[in-house]
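Enquirer: From first to last, the protein sequence lines are chains A and B.
Per our numbering: the first sequence = residues -17 to 383.
Per our numbering: the second sequence = residues -17 to 383.
Some clues are possibly wrong.
The list treats identical chains as one, so a pair stands whether inside a single copy or across any two.
Said to hold, decoys possible - Computed cross-link-like contacts, BS3-like style, restricted to lysine-lysine with a CA-CA straight-line distance of at most 27 Å: (1) K166 to K325; (2) K218 to K380; (3) K218 to K172; (4) K18 to K166; (5) K18 to K172; (6) K194 to K18; (7) K339 to K172; (8) K276 to K18; (9) K339 to K380; (10) K212 to K339; (11) K(-1) to K172; (12) K325 to K18; (13) K166 to K276.
In case anyone wonders, no lab produced these hints; they're calculated from the structure.
2 protein chains.
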Amino acid sequence: MISFDDLRSLARPAETKIVVLVLDGVGGLPRAADGKTELEAAQTPNLDALAARSSLGLADPVAPGITPGSGPGHLGIFGYDPLQYRIGRGVLEAVGIDVPMTDRDLAARGNFCSVDPAGLITDRRAGRIPTETCTRLSGLLETIRIPGVEVIVRPVREHRFVVLFRADGLEEGLSETDPQAVGKPPLPVKAEAAGAAKAAEIANRFVAEAGKLLATEQPANMVLLRGFSKYPRLLKLTELYGIRAGVIAVYPMYRGLARLVGMEPVRAGDTVADEFGALQAVSDQFDFFFMHIKKTDSYGEDGNFDGKVHVIEEVDREIPRLLAVNPDVIVVTGDHSTPATYKAHSWHPVPVLLWSKWCRPDGAARFTERECRTGSLGHFRAAELMPVIMGHAERLTKFGA
Amino acid sequence: MISFDDLRSLARPAETKIVVLVLDGVGGLPRAADGKTELEAAQTPNLDALAARSSLGLADPVAPGITPGSGPGHLGIFGYDPLQYRIGRGVLEAVGIDVPMTDRDLAARGNFCSVDPAGLITDRRAGRIPTETCTRLSGLLETIRIPGVEVIVRPVREHRFVVLFRADGLEEGLSETDPQAVGKPPLPVKAEAAGAAKAAEIANRFVAEAGKLLATEQPANMVLLRGFSKYPRLLKLTELYGIRAGVIAVYPMYRGLARLVGMEPVRAGDTVADEFGALQAVSDQFDFFFMHIKKTDSYGEDGNFDGKVHVIEEVDREIPRLLAVNPDVIVVTGDHSTPATYKAHSWHPVPVLLWSKWCRPDGAARFTERECRTGSLGHFRAAELMPVIMGHAERLTKFGA
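Extracted from the complex, chain A is given alone in its bound form:
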């Protein structure tokens, strides 16, 4: 793959506008009834018309056979090889609730748990306490004072929270406190990397203080921490290509992932229509738009084939509004497959559609996995798509003479 250094040396300014529309988990599998995938079962006249004028292909989000999480799936689309660029669990949890992080922060995933009077774990999830309780207890934990350290605690959902330790000199490389079994005490945090001693001491102090503060709570009278990680110092997509990029996404996780690579969140409502409305509203303010549609994935995970089909059709009805902002490059794809028959993220390659006035149209009849198999983009790694997008946007100059 071409390096960021090379790409940066080739990047050149242009007036072109790019829209990358990601239908989360859009790749599917055939249902038993008629052998059609979700994309094949959907009525998508607008996407089909666009497909006929576009170049198609299939992308492996991480590598062939590998099922991606949301983080790697999106890093790939953004042009970062997910095998090389990794986001720690703590950071992903913070990103997932869209908590802004700084370079000084060390993040961890937290679970409220239950311990007996001897300090042995009786429930690693504290009976999955309601989110409201989690919110109250997170506020309590945020009162913990550690000299020289800013402690930020945010509820996630049920027993899950995220903690950020903000201070100078905090390094990654900490062991986790969850023994992954009941009947054992939480483990002390150990520094497993040079330079992580200070962070380990702070984390242990936080756990000790949390134990005191929660002593009278039931059932959430202790915490477990894991996935200690720092905010990744990525070369921002926006710096690399000299673009201004906006993210339109209903779920905070995706705004957070996009922020990692330099995109600015755009206010949108809660529906698919709201998202396309937001695109129209701010179309002059950015060179690059990442639009994220969540519910294709949610219905896929639920095994709701028809629900996923309906979201695809809902998106299709909005395509004219996307075309109306006159993008120079349009990409429609997914971050991974979530076949409704499989009810989970899967390893299957993802359909990709790329339109620009400079694309070689494949003349496909529809935008489906099957049509994408023989498209002129070929079968490629998702992280290789971004240079192709920038090529079509005339934002890369010639390599060599």
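Given the coordinates of chain A, work out where chain B should sit on it, guided by the hints.
Expert: For chain B alone, coordinates are given in the frame of chain A:
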């Protein structure tokens, strides 16, 4: 990609003959009138018949989305990853006028420029002096004597020339003298790499002497040097595979690029027919032929769709003469795309046709970008083609037992 070390260990002698026919910039885009690319619009009965018996594919010359210059485009075809093997600007300029270089040479691109009495640049191109003047002044510069150094100066075109410093101990890593602006003096050459001090001293001395020699000339009374680079020490294609390779090309640039990898220039005339005549004339003298057709690219750059179509048709008429030399492997491809509608090199993948008696015929109807999309060679990096060629030529033995 398989390494040269591995390939060298697999290479074995054979009596087979290979012809690689490169139509420069052959890849195209559909024209508005009928949606046909140049290859689709051309009448190519011979190429089509060959395509029906061949394996097809699409190649990315450098990487997806990257527009290659001629140097990287050809290195890829010759089996050298252009991202790994780079040719400096000075060397490319020397290669472009087919000046033989040695391992001791440091090359630079030169511009004749104009300076005022205070030594400030008034025109970075000296009013684009006629090539005849450039030739005379280049001869003048070649009279410069630097102890222990052979100085070779050759005119290129208008204000451009190339200079070679031939001596022991010259290393790359020099800053250029062109300040890229008028109203400033030429910059001194600085050594930016360890070991480059000697080369910097020589370059500065050359510039000082040039200033004296040119003092009475108008408007070309000074020089600017850039792109200092040494001849790349490539493992030659010919050594790697133990072949004797000849290059048939009308333009010196392509003979020079082929010489970089060990090919020997074959005398040919100026026309496409001359080139195929040369192939027939020397067909017994080489195992491998690289034939280069320039005008597909020239017409592409000019936006002359019909002109490009006619060159493709001209080549098609010569295909029987190619077949008549009984190659064991025939490849027809391009070094990059130059769509006439785009009027420039582009990033689009390049159609590839490979015939041998051992190929799996795809049964394609034609040799076009569209047919190549679904060919059995797949969609690959150009540098991966050479081992496939050598495989079909039975010039690679089994890997492992």
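Enquirer: Run every hint past the structure and note whether it holds.
Expert: Now for the hints, and whether the structure bears them out:
1. In this homomeric assembly, K166 and K325 never come within 27 Å of each other (Cα to Cα): the closest approach is 34 Å inside a single copy and 67 Å across copies.
2. Taking the shortest Cα distances, K218 and K380 sit within 27 Å of each other both inside one copy (22 Å) and across copies (26 Å).
3. For the homomeric pair K218 and K172, neither the shortest alpha-carbon distance inside one copy (32 Å) nor that between copies (32 Å) is at most 27 Å.
4. Taking identical chains as interchangeable, the C-alpha atoms of K18 and K166 are never at most 27 Å apart, the minima being 50 Å within one chain and 69 Å between chains.
5. In this assembly of identical chains, K18 and K172 lie within 27 Å of each other by CA distance neither inside one copy nor across copies; the values are 52 Å within and 66 Å between.
6. Taking the shortest Cα distances, K194 and K18 never come within 27 Å of each other, neither inside one copy (57 Å) nor across copies (75 Å).
7. Taking the shortest alpha-carbon separations for K339 and K172, neither the intra-copy value of 56 Å nor the inter-copy value of 45 Å comes in at or below 27 Å.
8. Taking the closest pair of Cα atoms, K276 and K18 come within 27 Å of each other only inside a single copy of the chain (22 Å); across copies the shortest separation is 39 Å, beyond that limit.
9. Proximity of K339 to K380 under the C-alpha cut-off of 27 Å is restricted to the intra-copy arrangement: shortest distance 19 Å within a copy versus 37 Å between copies.
10. In this homomeric assembly, K212 and K339 never come within 27 Å of each other (Cα to Cα): the closest approach is 41 Å inside a single copy and 40 Å across copies.
11. Taking the shortest Cα distances, K(-1) and K172 never come within 27 Å of each other, neither inside one copy (48 Å) nor across copies (41 Å).
12. For the homomeric pair K325 and K18, the shortest alpha-carbon distance inside one copy (16 Å) is at most 27 Å, but the shortest distance between copies (42 Å) is not.
13. Within a single copy, K166 and K276 get their C-alpha atoms no closer than 39 Å, and across copies no closer than 57 Å, so neither meets the 27 Å cut-off.
The earlier numbered hints that this structure contradicts are 1, 3, 4, 5, 6, 7, 10, 11, 13.
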